[in-house]
Structure formats: C-alpha cells, structure tokens
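Letter by letter, the chains look like this.
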Amino acid sequence: DARVTQTPRHKVTEMGQEVTMRCQPILGHNTVFWYRQTMMQGLELLAYFRNRAPLDDSGMPKDRFSAEMPDATLATLKIQPSEPRDSAVYFCASGLVLGANTEAFFGQGTRLTVV
Amino acid sequence: SQQGEEDPQALSIQEGENATMNCSYKTSINNLQWYRQNSGRGLVHLILIRSNEREKHSGRLRVTLDTSKKSSSLLITASRAADTASYFCATDGGDGGKLIFGQGTELSVKP
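Protein chains in written order, with the working numbering: chain A, 157 to 271; chain B, 14 to 124.
If you are wondering where the hints come from, they were derived from the structure by calculation, not from laboratory data.
C-beta: ideal position from N, C-alpha, C; glycine also.
It is possible that part of the hints are untrue.
[Claimed, not checked] Facing chain A, a subset of chain B residues (Cβ under 8 Å, in silico):
#1 Gln46
#2 Arg54
#3 Leu56
#4 Leu61
#5 Ala98
#6 Phe101
#7 Asp105
#8 Gly110
#9 Lys111
#10 Ile113
#11 Phe114
#12 Gly117
#13 Ser121
[To be verified] So these bits of chain A aren't anywhere near chain B, every CB distance computed over 10 Å:
#14 Val175
#15 Leu183
#16 Gly198
#17 Asp227
[What the hints assert, rightly or not] One-sided and incomplete, this derived list gives chain B residues near chain A with beta-carbon spacing under 10 Å:
#18 Pro21
#19 Leu24
#20 Ala103
This is chain B alone, in the form it adopts within the complex (with noise of 0.2 Å):
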C-alpha cells in the first residue's frame, strides 16, 4: 500500500509560474524525498529533508516539511517547459531504508 498521498494529481501551469505539489503520508519518517520522473523513464532523486528539518532548498527548488502535520511540500519555482514531469514524495520510514512512494503529481508547464 501507498504511504503518500499527493495533490493535486495534475497541474497544468504557465511557463514563469510557481508550481506547488503537496504530499500526506501516515506513519512517522527518518526523512522523505522527491523524485522526479519524465515519460518513459527512470525516477530521478531531486532533494532529500530530513524529519528534524523544516525546509531546505535546492536552486529552483523549495521543499518544506511538517511532521506534526505528516505533510510536505514542493515548490519549483519560475517553471520551465522542461520542467514538464511527473512528481514523486517518497517517504523512509527508518526501517532498513524502505522507500514508499506517493502516486505522484503530474505537472505540465506550457510554453
């Protein structure tokens, strides 16, 4: 079963926005991840928060956690038409390093 639950599950933006996915997972993490996946490929890890940290960054990319909540977000900002991709939050619940994904945000940023 799914340990996160994304939203929204599409998102459909304009080049030069601000796109936000947000992830709800349910039991407690050592951290949580997002991955990004383009069509027919593989996942590609894009930052790594762990479960004592509230936000980081990373260039374009602002993910915040809350663990009171067991919610997390991402933010790309300024959107790129290559930004176009499927989003992942994967959560490690500190059980050997099990990674459980969310089903993921589809996110199209038109040019």
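This is chain A alone, in the form it adopts within the complex (with noise of 0.2 Å):
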C-alpha cells in the first residue's frame, strides 16, 4: 500500500536546536510539498520541488529553514535554530502531476514542539 512516510512522527526540542525532518514520497510521483499546519494560520504551503528541483519556497522563513530533496525517495525540512514558534505539524505530501491533475498524498505529520 504506497503511501507517504514521515519521521520523526514527534519531536520536542530545545529553542536553538537543529531539526530535520524527513519525507519519503510514494516511489513514482514527481512533486513534493511541505506544509505548516497551526491553528491560528491553518495550511501554510512551505515550499514544494518538482522533479527534485524547488519550484517555489517562498512560504520559507530563508533565514532558518531549508529544505531539499537529495534523491528522488528523500525529502528534508531542516529548521536552525529552531525557535518555539515554530511549533506546528509539519506535513509531506507527494503527487504525480500530468496535465491538470494535481492530486496529493500526505503523511502523517512530524508534530514538532520547541521549548
């Protein structure tokens, strides 16, 4: 059953710690997202890579974040220094995109909490 992995599932860090988190897109898809989820901003499209390649970060605090794609099974979301507002479920999500089709497939969410 294919389906997108993420880990760590939770994370609790320290203000000023690095954190990386992973995503393993389903084999064959060419697009990845990452997302932001908190209550008070919702669905907060972070960056997303087509092909490998970033198409658009520009939903990305530059100066902490960064995000990659290394191979084509490996996505990273890496946060340093994290600081607490960046407490949030960060979420994956992979999709195939032909023509206008652009269905996506989410994992589970890393819930990160940084105190």
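Got two chains here, each in a separate frame; can you build the complex from them with the hints?
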C-alpha cells in the first residue's frame, strides 16, 4: 500500500537546536510539498519540488528553514536554529502532476514542539 | 497567504442530515480539490473538479464549482458519525501544480 512516510512523528526540542524532518514520497511521484499546520495560520505551503528541483519556497522563512531533495526517495526540511514559534505539525505530501491533475497524498505529519 | 476561504468554520449536524460546506477563492484556477482530515492525521483527497466542470459526484459527495463567483461547495448527503472531520478546499492555480489550502470547516456529526 503506497504511502508517504514522515519521520519522526513527534519531536520535542529546545530553542536554538537544529531540527531535521524527513519524508519519503510515494515511488513514482514527481512533486513533493511541505506544509505547516497551526491553529492560527491553518495549512501554509512552505515549499514544493518538481522532479527534485525547488519550484517555490516563498512560504519558507529563508533565514532558518531549508528544504532539499537529495534523491527521489527523500525530502528533508531543516530548521536551524529552531524557535518556539516553529511549533506546529509539518506535513509532507507527494503527487504525480500530469496536465491539470494534482492530487496530493499526505504523510501523517511531524508534530514539532520547540520549548 | 491562503487562497481559499471556507464557510462555515464549524458545522454540527445530526446523523442522516446533509452537510454543506462552501469555499471561495481569489485567483483563476486549473482545478479545485476537497480534502478531509481526521484529528491528528494527514489529509486525504476526496474529489477534484476541473475549472471547466460545474458539478461532480463521488458516492455521497457532491461538489459544485462556479468560476464566475470563484466559489465551490461540498455536499455530504446522509451524513454519518464517521464523517466527523475537518474538510479543506485546495486550489491549483496551474502554476506548476501549487496547491493552496483554505482554513477548513470542522464538521461534527452527532449520532
């Protein structure tokens, strides 16, 4: 059963520490999204990739966040240094974009708490 | 910033009733999609409607799209307690498949 896998599922860290979240997209999907979900802001698009190349990362605070796809089976989202306001659930989603179809398949999320 | 605005923010109904959620958006779209999120879980795709379509059905779901009003609605008929979840609309503006989500409607179906 194909699914998007995110690790870790939960992360508690101290302010100032580096946090790395990982995502394994569904094999064969050409697009990967990173979203952040909070009660106040809802679901915010941080970045997305097509064929491993970043298409748009305008939603991401550039000074502390970075997103990469070292290979087709791994996407990473890194926060350095982390701050309490980064506490949220981070979702990775993947999809096969062909023409006008962009159905996204979501992982279970990484719940990040920065204290 | 969010593309979609959903209405209502919360909806509480009895099992067997119909639930209607609305979504408005601001810019032109390729398609509009609806997703469901159970508490503490990831989002699950429900249905996609293209910009040249006006209505689409999938089981107990009915989606309409009015591009002139930049709005869509999701109707869940004969609701069940298991339909309790948050429902989100997402727009694909055609700019490389970029999906922007609304704030969601929290649906509670009481048995």
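Status of the hints after comparison with the structure:
A cut of 8 Å between beta carbons decides the hint on glutamine 46(B): the least distance to chain A is about 7 Å, and the hint holds. With its C-beta approaching chain A no nearer than about 6 Å, arginine 54(B) sits inside the 8 Å limit, and its interface hint holds. Nearest Cβ of chain A to the Cβ of leucine 56(B): about 5 Å, under the 8 Å cut. The hint holds. With its C-beta approaching chain A no nearer than about 6 Å, leucine 61(B) sits inside the 8 Å limit, and its interface hint holds.
Against a cut-off of 8 Å between C-beta atoms, the interface hint on alanine 98(B) is violated, since the closest Cβ of chain A lies about 13 Å away. Here the hint on phenylalanine 101(B) is kept, as its CB sits about 7 Å from the closest CB of chain A, short of 8 Å. Interface restraint check: aspartate 105(B) against chain A, minimum CB-CB distance 5 Å, threshold 8 Å, status holds. Here the hint on glycine 110(B) is kept, as its CB sits about 4 Å from the closest CB of chain A, short of 8 Å.
Interface hint status for lysine 111(B): upheld, as the beta-carbon distance to the closest one in chain A is roughly 6 Å, under 8 Å. Hint status for isoleucine 113(B) relative to chain A: holds, with the closest Cβ pair at about 6 Å, below 8 Å. Restraint check, phenylalanine 114(B) versus chain A: the minimum CB separation of about 4 Å is within 8 Å; hint holds. Among the interface hints, the one on glycine 117(B) holds; its C-beta lies about 7 Å from the nearest C-beta in chain A, closer than the 8 Å criterion.
Violation of the interface hint for serine 121(B) is found here, the shortest Cβ-Cβ separation to chain A being roughly 17 Å, above the 8 Å cut-off. For valine 175(A), the shortest C-beta to C-beta distance to chain B comes to about 19 Å, beyond the 10 Å cut-off, and the non-interface label holds. Distance to chain B confirms leucine 183(A) as a non-interface residue, since its nearest Cβ pair spans about 18 Å, more than 10 Å. A beta-carbon of chain B comes within 10 Å of the beta-carbon of glycine 198(A); the shortest separation is about 4 Å.
With a least beta-carbon separation of about 20 Å from chain B, aspartate 227(A) lies farther than 10 Å from that chain, consistent with its non-interface assignment. Because the beta carbon of proline 21(B) sits about 15 Å from the nearest beta carbon in chain A, more than 10 Å, this interface hint is broken. Of the supplied interface hints, the one on leucine 24(B) is violated, with its beta-carbon coming no nearer than about 17 Å to a beta-carbon of chain A, more than 10 Å. For alanine 103(B), the interface hint holds, since its Cβ comes within 10 Å of a Cβ in chain A; the closest pair sits about 8 Å apart.
In summary, the structure is inconsistent with hints 5, 13, 16, 18 and 19 from the numbered list given earlier, while agreeing with the others.
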